[in-house]
Every structure is written in C-alpha cells, then in structure tokens.
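Using the hints, put the two standalone chains together into the complex.
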Amino acid sequence: MRLKIPFIIFIYWFETLLFAAEAGMPQLDSKYWFSQSFWLILIFLLLYLSLSKFFIPKIKDNLDDREKKIKDNLDEAKELSELAEKKSLEYENEISNAKKEVIKIISESKKQLDKNISQKKEQFEKELEKEINKAEKEILDLKKGSSKSINLIAEEISAKIIEDVTGDKLNNSSIKASVAEVSKNKIGKYL
Amino acid sequence: MATNPMHQFKVYKIGPEIKLGNVDLSFTNASLFMLISALTICLFLYFGSKQKSIIPNRLQLIAELFYNFIAKMISDTAGSKAKPYFPFIFTLFMFVLLCNMIGMLPYSFTVTSHIIVTLVMALFIFFAVTVIGFIKHGFKYLSIFVPKGVPVILLPLITIIEIISYLSRPVSLSVRLFANMMAGHTMLKVFGSFVISLGFLGGWLPLSFSVALTGLEILVAFLQAYVFAILTCIYLNDALNLHH
Chain A
41 MRLKIPFIIF IYWFETLLFA AEAGMPQLDS KYWFSQSFWL ILIFLLLYLS
91 LSKFFIPKIK DNLDDREKKI KDNLDEAKEL SELAEKKSLE YENEISNAKK
141 EVIKIISESK KQLDKNISQK KEQFEKELEK EINKAEKEIL DLKKGSSKSI
191 NLIAEEISAK IIEDVTGDKL NNSSIKASVA EVSKNKIGKY L
Chain B
3 MATNPMHQFK VYKIGPEIKL GNVDLSFTNA SLFMLISALT ICLFLYFGSK
53 QKSIIPNRLQ LIAELFYNFI AKMISDTAGS KAKPYFPFIF TLFMFVLLCN
103 MIGMLPYSFT VTSHIIVTLV MALFIFFAVT VIGFIKHGFK YLSIFVPKGV
153 PVILLPLITI IEIISYLSRP VSLSVRLFAN MMAGHTMLKV FGSFVISLGF
203 LGGWLPLSFS VALTGLEILV AFLQAYVFAI LTCIYLNDAL NLHH
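Same order as they appear, the protein sequences are chains A and B. Every letter in the first sequence is one number past the one before it in the working numbering, and letter 49, counting from 1, is 89. Every letter in the second sequence is one number past the one before it in the working numbering, and letter 180, counting from 1, is 182.
Please note that a few of the clues may not be correct.
Under the rule of at most 25 Å between Cα atoms (straight-line distance), these lysine to any residue pairs were calculated in the SDA-like manner [stated by the list, open to error]:
id, chain 1, residue 1, chain 2, residue 2
1, A, Lys177, A, Lys226
2, A, Lys93, B, Ile64
3, B, Lys15, B, Lys85
4, A, Lys100, B, Ile57
5, B, Lys85, A, Asp104
6, B, Lys21, A, Leu85
Ranges between beta-carbon positions, derived for each pair [said to hold, decoys possible]:
id, chain 1, residue 1, chain 2, residue 2, range
7, A, Asp101, B, His9, 44 to 50 Å
8, A, Ser121, B, Lys54, 27 to 33 Å
9, B, Gly217, A, Met65, 23 to 29 Å
10, B, Gly217, A, Ser121, 45 to 51 Å
11, A, Ser136, B, Leu67, 52 to 58 Å
12, A, Ser121, B, Asn59, 30 to 36 Å
13, A, Ser136, B, Arg60, 51 to 57 Å
14, A, Asp105, B, Val154, 55 to 61 Å
15, B, Lys83, A, Ser136, 57 to 63 Å
16, B, Ile16, A, Leu68, 19 to 25 Å
17, A, Lys71, B, Leu225, 27 to 33 Å
18, A, Asp101, B, Val133, 48 to 54 Å
19, A, Asp101, B, Ile16, 33 to 39 Å
By construction, these hints were calculated from the structure, which means they are not laboratory data. Since the structure is predicted, the reported quantities are computational estimates derived from the model, not experimental observations. Quick reminder that beta carbons are idealized off the backbone N, C-alpha and C, glycines included.
Isolated chain B (complex conformation) (with noise of 0.2 Å):
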C-alpha cells in the first residue's frame, strides 16, 4: 500500500544477496543513502577546500563554516582535550546532517529514521566513551556515579540514579534521532496524503501543513544532527574532565 505513512521506512536489497555464512548483508536502499551521504560530503568537502584562496568562495566559506561551528562546539563543551577528537565528532555531525537532509528529499530514504542505524552510532559512542574514560583515569572514572555534595543519606540512591542514567544514554541518544526523524517523516507523509485523498477542495490545508512541516523539518534535521553531536561532546567531557 503505497499511502502506507510507514511504507517509506521500508529496507529492500539492491543487486545481489550478499551472505556471510548466516548472515544478510546485501546492499540495501539504506546502504545506498548511506553511501550518498558519504559521497555528497566528500564531494562538499573537496570542492570545498580545493581552492586556496585568501577570500574564500561560496562552498569553501560553507565547509569552514562547519569546521569552526564543529571546533567551537568541542572546545565550548569538551574543551581542549577533546581536540584528538575532532575528525570523529565532525564526521559524525557531517554524516548525521546529511542522512537527515537527504532524507528531506522526495523519494528517498532516511538513513536515521531507523533504531538500528542510530544505536549502533550511539554504542559506538557509548562505548568508546566508556573506554576513553577509563584510559585517562582508570577506576576513578567510577566516581563520575558519586557526584560531589551530595549528602551521604542520599548517595546510594543517587549513584543508583546516576549509573541507570549513565547506562540509557545510548538508548536516549539514538531513539531521540530515530524517533524524530520518523515522526517527522510520517508527519509529512501523512499530511501528504490528506492532500491527495481530500482533493482540489479541501486539501489546501494539509498542504499548507505539510509545507510548513517540511521548513520544520529541515529544521529538525538540523538540530538532531547538531543535538547528536553535542551529546556526544559532553559524553565526551565527561570521561575526559573528570568532575568539571
């Protein structure tokens, strides 16, 4: 059913099946969005920084737009430790960005609209954080659960708060993307159809809806990007500066 609203998150396989051992990994419409995403970044970026011009022109100003927005945001929150870290946190925002703004486009595919997508970025992230952590100080990164000042009645209770908070933040940070973009993207869907089935007559307002939900979503795409990278800082200064 094409006027599905979910029908467009919908993974099919492009080309051959690709099996290791038990497992499918065919290239898939997902894969191929990914894959545009990376392409049109890479495209960007080169076109971006191919001049070396002092006054820099449209594409170059754009790129370096985004590479002092991403420094400024990792020395704003994580400071300047997290300088070795700034292809991995500018990466991710590029790619997040793009997947979302790609996916704006009609008849594509949302590459975070999907839980799986984002949770294994926030894993990711999760993980290597942890690890980070406790690289730099060892055991003493456990202290990050027993928050300084608080009374000793209270610190079993807040260390138990602070270890579940610390143990959902992959979950919070990838289904707040997935969740957005999905709602988002069926919201527009389902707006669209409306136009369709209420016609000529009635469907002006839905389709004033849907054009303002697509300027909100754009918007949206933005923010997630920018809300994924942002966490992903502060995760970051976390197991970097211990008790800030």
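Isolated chain A, as found in the complex (with noise of 0.2 Å):
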C-alpha cells in the first residue's frame, strides 16, 4: 500500500511529464539554436586551442619527465648494483688470495722454522758429544791419575800404620810391591 500511493503520483507525473515534454521540451525550441551552436564552437575551439597548445604538452612533459626521471634512476642503481657485484666479486678474490698466501706463509715459516730446529738440534747434538768425550777423556785421565795416586796415598799410609803398630820401619820397596799387588786385584773394583 505504501508502495501504491507513491507509484500511483508517479504515473500521474509521470504522464504530466510526458504532456509537458509534448506541450514544450525547451530543447526544440528554435529560438537559441543558433546561438547555442555558436557558443558551444567557440568556447569548444578555444578550449581545444587552450588544452592543445599549452595543457597536454605540459601534462605530457610531466609524466615523461617522470618516466625518464624513473629509467634513469632505476639504469643507475643496475649501473651502481654491477659496481657493487664487481667490487665484492674483487674484494671475494682478494681475500681468497690473501688466504692462499697465508698458507703459503705459514707452510714457509713452519718449514724454515722445522729446518733451524733440526740444523739447532744437529749443532746442539755434536757439542754434546764433543762434551761427553771430553768428559769421558776427563774421567780416563782422572782414572788413570787416581790409581797412582791411590797408590802412593796407600804406600804412604801403610807405611805409617805399619810404623805406629809395629814401631819398626819397613823398607819401601816391600810396601810398595805389597801396595801394587793388592791394588791391582781390588782397584778395578773401586774405580
């Protein structure tokens, strides 16, 4: 019902309409064709000029300045990308190289080093050999030295032993003989 009544005034006007289009649609009317079409050539001819000569060439600048102004940054920063590509692909080399001739390095330094040890080692062992016979030949004269005097030492004590035991004194020659016997019996033993 309440859809009714609206659509009800609405073919009413709706058919008033269509009367007051009969009776006079102001677009048939002749009077300001003329007029109409002058205007509208004219203002659409400066318009045309207007949009023609000065608007779109600017609009277009704009956006080809913009499209230009995006190729060229985005070419420059491809451009800088490669740079920034090749210097490390450089830099990735330099440090592989750097790391080869660490290696080298050291190998040398761990051969050098090796080498000085053992020729160090080699000098030290011969010194130390020469030092060992030396004492060796030390201790043989030291030995050989020792057991005469051992013996005199021997002779002379026996002697006194002999003298303050039995008060008499003994010809050297027999302690002597004596002395050498025993000693050349026990003195292995003791040197």
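Take a look at the structure:
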C-alpha cells in the first residue's frame, strides 16, 4: 500500500511529464539554437586550442619527465648494483688470495722453523757429543791419575800404620810391592 | 511553473541581445555553463600541471589519470595512428564530462541535455571522421560499406544497412547523450517534487530515491562522457584503419 501511493503519483507525474514534453520541450525550441551552436563552437574551439597548445604538452612533459627520471634512476641503480657486485667479487678474490698467501707463509715459516730446529738440534747434539767425549777423556785421565796417587797414598798410609803398630820401619820397596799387588787385584772394583 | 520538470532545461539570454543579421547569438545560460565547464577544465588542468614534481600531488594525479585514461582508450580502440587526434578526444571527453558533472549541481544548467549541443558535436565528429577517411583512403573508404566475408546475395542488403547505420551515427551519438542527460535530470526533478508534495510523512521514500538517483546520475554523467569519447574513437578507427 505504501508503495502503491507513490507509484500512482509517479504515473500521474509521468503523464504530466509526457504532456509537458509534448507541450514544450525547451530543447526543441529553435529560438536559441544558433546561439547555442555558436557559443559551443567558440568555447570548444578555445578550449581545444588552450588544451592542445598548453595543458596537454605540459602534462605530457610531466609524465615523460617522471618516466625518464624513473628510468634514469633504475639505470643508475642497476649500474651501481653491477659495480657493487664487481667490487664484492674483487673483494672475495682478494680475500682468497690473501688466504692462499697466508697458507703459503705459514707453511714456509713452518719449514724454516723445522729446518732451524733440526739444525740447532744437530749442532747441539754435536756439541753434546763433544762435551761427552771430553768428559769421558777427563774421567779416563782422572782414573789413570787417581790410581797412581791412590797407590802412593796407600803406600804412605800403610807405611805409617805399620810404623805405628809395629814401631819398625819397613823398607819402601816391599810396601810398594804389596800395595801394587793389592791395588792390581782390587782397584778395578772401585774405579 | 517552477515545479515543471522541464523548466530546468529552459534557455534564456543573459545580458544584451547579440544579433548577427537576422540570427540571434545572445549569450545565454547555456553559454554561461559551457564557459564555466571550459574554465573549470582549464583551472583544473592548470593546477594539475603547475608543479613539476616527481611525486604528484592530488590534482596532478587526477589530471594525469585522465590523460592516461584517454591515451589508453585511444590506443586500445583506434591504435597508434590516432595519436594526433588525442587533444581533440581529450578535450571532447573533458568537456562533455564537466558539462554533465556541473549539470549535477543544484540550480545549474546541463549543457549536454540539449539536443542541439550534442548534435553539433556529433555532426562535427561525423563530418570530420568522414573527411579523414576520404583523405586517408580516397574512394577506397567507401569499402567500409561492404563488409568482408558476406555472401554475394546478401551484399546489396548489407550495404544498404551499413550506409544507413553509418548515416545514423551522428543521430545515435547525439541522442544518446542528450536523452540520457534529459531523462536523468527530469527524473531527479520529478522525485524532488514528490518530496515536496508528499510532505514530511510520505516524502522519505522519494527522497531516498532521489539520493540513489543522484548517485546513478553521477555515474551516468561519467559513463556518457566515456561512451561519447569511445564512440568517437571507434569511428576514428574505422576511418584510419580500413577493415580492421
């Protein structure tokens, strides 16, 4: 029902509208046709000229500028990224070179060190042997010397002991002979 | 009668009467609104292209949007050969759009709701396209009336139909825009009158209709400008690229 009333009124209005259109559509009144055409052509022409000569080139310039700038920036970015890649490659190369060099240096110095050590060792060993030989000789000399002096000391001590014990003085040659005999037998045990 | 829905289409002269011989060329409200539309376009494009910024401001963005929209429309429908006609199509689209849109303002006048205005534009396009066709292709342009791949028996009939359809282009182009604008504005006016006549109690329904219609009419205003421009492009395409 609520919809019906506006509908009926609409129909009524539509009829009057149609009637009005029949009676007088201002569009069909030819009084101002020439005026409208004249002003339309004039204004449209002026608008066309101002747009085509002034505004459209300006907008086109703006758009082209932007596109160019974006393209330039992209190109530059690409160039820079290529450069960066190159640099990073260079850097990596340098690093790997340095690493190789380091390994070389390490191995070389290790060799050198080994060599030095072995040389020193050899030298040291030689010296050591020399010292040992010397010491052995000294000991041998000492041995030889000591057995003689031991004999002498033993002769003296035994002469004194015999003198103290017996009160007699034995002749040196017999003491010497007996000491020599004892030391020949026993001295090997202690020296 | 102010409530007459056709009253809004009345043309009356503003200022002195200008007569050229016997012809009345007075400045009218229609001329005024044509001028307003044109000036609005100029102003809009002026502020839309004033700054040369890489990141556009809003107006610049909209202006460039329109530019790209029309450029794409032309290249899609008429190809690259139609590039020289870009300023004309752009002007045409902007002019029709602004006339339609400014007509949506209350108490304004819709320039495009007059058959004579749309007819002048359509006839100009019709003759221009025909002249372009003959300049580009000479008398071969007449082959537009003889479609390819039609059986010989049907050919005379088809040719007659094609000629009629070609000749009716300005009529269909102008009447489409004019009728859409007039019908829309009449409807708005009629529903507006309902609101008044039905008063506070019953006026809400036509008011909501009116609101919805306003949205629809804004869409139609844009759509008709677009249709007008794209049909011009299609006609131009026929003239430029014979037998696509």
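- prompt: Between A/Ser136 and B/Arg60, does the C-beta distance stay in 51 to 57 Å?
  reply: holds (55 Å)
Range hint 55 to 61 Å: satisfied by the CB atoms of A/Asp105 and B/Val154? Between A/Asp105 and B/Val154, where Cβ atoms are some 57 Å apart, the hint holds.
- Verdict for B/Lys83, A/Ser136 (Cβ pair) under range 57 to 63 Å: holds (60 Å)
message: Tell me if the straight-line CA distance from A/Lys100 to B/Ile57 falls inside 25 Å.
response: holds (15 Å)
- Query: Is the gap between the beta carbons of A/Ser121 and B/Asn59 within 30 to 36 Å?
  - Reply: At roughly 31 Å between Cβ atoms, B/Asn59 and A/Ser121 fall inside 30 to 36 Å, so the hint holds.
- Message: Tell me if the straight-line CA distance from B/Lys15 to B/Lys85 falls inside 25 Å.
- Response: violated (39 Å)
| said: Tell me if the beta carbons of A/Lys71 and B/Leu225 are separated by a distance inside 27 to 33 Å. | reply: 31 Å Cβ-Cβ, so the 27 to 33 Å window holds.
**Prompt:** Keeping to a limit of 25 Å between CA atoms, is the pair of A/Lys177 and A/Lys226 held or broken?
**Reply:** Status holds; Cα separation ~23 Å.
- Item | Range hint 44 to 50 Å (beta carbons of A/Asp101 and B/His9) holds or violated | holds (46 Å)
Q) Taking 19 to 25 Å as the hint, is the beta-carbon distance of B/Ile16 and A/Leu68 inside that range? A) For B/Ile16 and A/Leu68 the Cβ distance comes to about 21 Å; the hint holds.
Distance restraint evaluation - B/Gly217, A/Met65, Cβ atoms, bounds 23 to 29 Å
holds (26 Å)
(Q) For a C-alpha distance cap of 25 Å, please report whether B/Lys21 and A/Leu85 respect it. (A) holds (21 Å)
Comparing the model with each earlier hint shows violations of hints 3, 18; every other hint is respected.
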